Structures are given as structure tokens and as C-alpha cells.
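Assemble the complex: chain A is given as a structure, and chain B with the ligand must be docked to it using the hints.
Those protein sequence lines, which keep their order, are chains A and B.
The numbering of the first sequence is my numbering, which starts it at 1 and goes up by one.
The numbering of the second sequence is my numbering, which starts it at 1001 and goes up by one.
Rather than coming from a laboratory, the hints here were simulated on the basis of the structure.
None of these values were measured; they are calculated from a predicted model.
Each computed DSS-like pair below joins lysine-lysine, with the alpha-carbon atoms no more than 25 angstroms apart:
| id | chain 1 | residue 1 | chain 2 | residue 2 |
| --- | --- | --- | --- | --- |
| 1 | B | K1222 | B | K1325 |
| 2 | B | K1094 | A | K82 |
| 3 | B | K1172 | B | K1318 |
| 4 | B | K1293 | B | K1325 |
| 5 | A | K81 | B | K1144 |
| 6 | B | K1453 | B | K1473 |
| 7 | B | K1244 | B | K1010 |
| 8 | B | K1380 | B | K1351 |
| 9 | B | K1419 | B | K1473 |
| 10 | B | K1010 | B | K1180 |
| 11 | B | K1216 | B | K1085 |
| 12 | B | K1419 | B | K1441 |
| 13 | A | K81 | B | K1135 |
| 14 | B | K1351 | B | K1318 |
| 15 | B | K1110 | B | K1216 |
| 16 | B | K1144 | A | K82 |
| 17 | B | K1059 | B | K1021 |
| 18 | B | K1094 | A | K81 |
| 19 | A | K82 | B | K1146 |
| 20 | A | K81 | B | K1146 |
| 21 | B | K1439 | B | K1473 |
| 22 | B | K1110 | B | K1172 |
| 23 | A | K82 | B | K1135 |
| 24 | B | K1226 | B | K1010 |
Partner residues aside, some chain A positions facing chain B, computed with beta carbon under 7 angstroms:
| id | residue |
| --- | --- |
| 25 | R67 |
| 26 | N86 |
| 27 | A89 |
For every residue, glycine included, the Cβ atom is placed at its ideal position computed from N, Cα and C.
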Amino acid sequence: MITKEEVEHVGWLARIEIHESEAQAYAEKLNAVLDYFSQLDEVDTENVAPTYHVADIVNVFREDVVRPSMPQEEVLANTGKKQEGNFLAPRIM
Amino acid sequence: MVYENVDGVKIGLEIHVQLNKLNTKLFCGCSTDYHNDEPNTHVCPVCLGLPGALPVLNKRAVEFAMKVGLALNCDIVGQTQFHRKNYYYPDLPKGFQTTQYDFPIASHGKVIIDGEDGERIVRITRAHMEEDPGKLMHIGSIEKSKGTLINYNRSGMALIEIVSEPDMRSPKEARRFLDKLRSILEYLDVFNGDLEGAMRVDANISVMGGERVEVKNISSHKGVEKAALYEIMRQKNFVRRGGKVVLETRHFDEQRGVTLSMRSKEEEHDYRYFPEPDLVPMRVADRVPEVIKTLPELPDAKRERFTSQYGMADMHAKALTSEIKVANFYEQVANLVDPRSAAVWVADILKGELNYRDVSVDAFKVEDIVEIIELVTGNKITERSGVEIIRTILDNGGTPAAIVKEKGLIKVEEDIVTKAVTEVLEENPEALQDYLGGKEKSLNFLVGQVMKKTAGRSDAKTTREMLLDRISKLPPK
Ligand SMILES: [Zn+2]
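If we strip away everything but chain A, and leave its shape as in the complex, we get (with noise of 0.2 angstroms):
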């Protein structure tokens, strides 16, 4: 069961604010969600190995070798607020 403490928990590691009228209702509607996938907790998973990967391959590498990157201008093209050539936010402690 996930309570609505949880659900303000995780909100707060997503940096999403929600209001506690939306709480109770996100909490309802993410336990139907867990509910519904608590069918899976049925299968016998006892000599199964864990899937990481649903593609059935592995080693895919690139060479190390320098292609080009983005003009300052471009990378900076989407930020609200820049200085000297950086992203400026807010203070961080």
C-alpha cells in the first residue's frame, strides 16, 4: 500500500510539487497500478535470472574517437538565464 506520505515523498525526490488534495487521489490511483502488476508476484521466478535487458544482446561499443560537439550559442539555446558562457540557477547550497 502506498500512502499519500509516500506519494508527497516522492514527489519531493522528482522536484514536482503536489498539492495534498492531489495526494490522496495519486495514492488511490498508483495502488490500482500496483494491484494490477501484483499479478506478477503469481509466477514462479525461482530458477529465472533477472532481466536487465529486454534486447536479447550485449558489447555494443563505439571507438574512442572525438566527433564534434555543440557551438556554445546552441548548447545555451534553451536556458532561461546564462552568464560567461555557463547555465546560471539559482543559489545552491
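For chain B with the ligand alone, coordinates are given in the frame of chain A:
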């Protein structure tokens, strides 16, 4: 002698090492050579975390990580994959750090250091691959900062995080461990420790069986030693006053030399790891034999070889092998002059002068030290003059020959010949009498004696003239 460790000090380290000898970042083709460039000029959609961008793993980064693991005597994992470590902080443009979680690429290793009472084994818990976050810079002081500047050039650099067991019993052992680690990493040619931010250390420190305190983000070996010294003293005083040390995270203020408590939020460790779906697993076990073949001779092995091959003292072998650059420099010198003299000159004298000036051995030329050693061992200049030439070259440049001339060190040579003439005349009164009595051949004998004494530094003609000059000035008997 056995080290007692009366305070029950235990230090474990977590070291973030940038694999900065790679050409490109861990998951994209951006160049790692950003140190002298404008901010945000070495970034692309991948390392900037733009939606839809897909990471592709750098093959050579995996090789480097395997090399590090093997050099630290670790087991290499059979198969592993990356995970997402989720947290929100502006240095992390994607909102998660791509890292290894349940299967680090290397684990269960060990490093041997010179401990408080001889050789000491420091166990390596694990070493895993991950990406470096971007760099934050506060405008003004932390207290009055108006904002934070973010530069993502560092974002996505390949890191290897090495975690040790709490096997170090003093700040000095912690520092020795870091020195040894740096030495190994530079031998492997995967890491340049001179670059800013190349190695960052978190230290876990406890005393007398108390809880451990984590001191985060220390940027130098000296800093780790200082932070540990301070932290041990603080914890001891705290316990003495009846306090109980609790698990906490502290920050090291390098300028003031103190550690400060960071208010740690509980959710800080709520990382919600899950497998990174954008990267497929990697299977590396079968590549281990191949990578072992590429491992160079490591510091311990080189130290042993230096003592046996060149017949030098272990103390010299240790000093010469701690830095790969110095070891290579020495071997070039040893090929050209007597290896034992070379060991003394490079390990005891040159290295001391370099350390004193905090410069690398790159600042000195092999041919210059060879020339100096030849001048000294050939008795042409004194040892003291040899040291003076080294200092002059380091401080003002120049060549040994020019400095010998300019400083009149060659005068010392004439002095030595003059001295030899006096000695030979005193030691051979009969030959002198014979010559004075008309036996010309006796003069040849005296010339030979002088040249023998001065190791042929003065030619026959000059020696003959000097002898005749001296004899003519002898008081009559
Ligand atoms: Zn990039």
C-alpha cells in the same frame, strides 16, 4: 615494531578517478580535452541530457577500467550493466547518474602500501564505472552567493570509483594509499593526476569502535591527510567529553583545515536505482586474458627489478619507481652512465631538488644529468658543484657545460691539479731529487703520478709545465 593504533583509528576511502587519458567521454564522442577551453564547449545532446539522445559506451573506457581492476588485484565481473542513480541536482543534466550498482566491473582486490610498521595490505572492496557530473561554481562566497554557474564540459567524463575497506590506521597510511594508487594509475597510462579535478576522495573515518563519519569531496592527497588528522582529533575530544559519534556526512574546508557538518537530508540516499534501459549489458570475462597481456610492469615489480638489475638499495628503488616518469627517466640515465651513481644522483639529489620546487622530472633533460654525473665521477668537478649545476638549470636554465664555465667551476679542476702536483712532489722526494740531480726521466714519472691522481683530467703537457713551474719555485735545500 608493531604499530599500536591506540585510538582504534579506521579509515576507508572512496576515490573518484577520472579516466582522463581517454580521447572521449564515457557515452559520447565529446573530447576530454576541455581544461583550457570555454565553458559548455565540450557538450552534445548525450552529455547534456537532451531528450531522445542515446548513450553508446566507449570501448576503451571498459578496457581502462579492466586494467585498473586487474592492477588492483581484483576479480573482474563476468557480466555487468549500468544503472540509473536518480537524484535531482543541477550538475546532473539528466536527473540521474549512469553508474554500476549490483555488479561493479571489479571487486575483491588489494593494494600493498608502506604502513606504519612495514608492509600493509589495504583491501579493495570494489571498483565501478560511472559518469562524472558537470561542474558548479558559486558566484561570490557560499554565504552571499547570488547564483550558481554550471559548466557541463566535465559532464559524462568516464570515472572509476574505487572503494577500499577501512584498513588504514592513520592519516599517514591514508596518504600512502592514495600515493600508491596514483602511482599505479599513472603506470597504467589511464590517468593524468596533474589535471584539475582528476582525483576526488571521500574518507570514512572512525575511532574507538564508534560510528563512521564521512568527509566528502577532498581534492588532494595532502587534504585527505589533514582532514583525517582533524577528524580523529575532533571525534576523540567529542568522545572524551561523553559524546557519542553518530553516522554523519561532513565537508572539509581546505583553507581552514576543519571539517564541518552538512545537514544531511534523509532522502539523499533514496536513489531508486534501476537498470539503464538505453545501454545493453556487457560481458567482459572472456577479454580478461587479453587485457592482462597489455598490463605494464607495475610499481612493486619495477622496484624489485631495479634492486636486482642495477644493484641499488631498496630505498633508492622505491624512490625511483613511485612515479613512472621518474622510473623511465632513471632507466635512460642508467643506460648511459654507471647505474649506481645514476641511482644516487636521480633518487637522492635530483628528485629532492624537483620536489623542493614542486616540478616534474620533465623539467630536466636526461643528457644534462648524464653530463653532470660524468663530470663528477670523472673527478672534473666536485659533487657540490654538481648539485649547484642542477639547481642552476632548474632555476635559470642553461647547460652543464655553460654553467661550469660561467660559474668558474672549472677552476676547481685547476685547484685539484695544483693540489695533486703538491702531493706528488711530497710523496716522491726521491724522484724529485733524481730529477734535480739531472735524471730527466724522473720528471716523466712525476707527470705520470699527477695524471694518475687526477684521473687524466690534465693533459701531459700542462702537467709537465705545472710541475716545472712548481719545482723552479721550490726553496733551495
Ligand atoms: Zn557529449
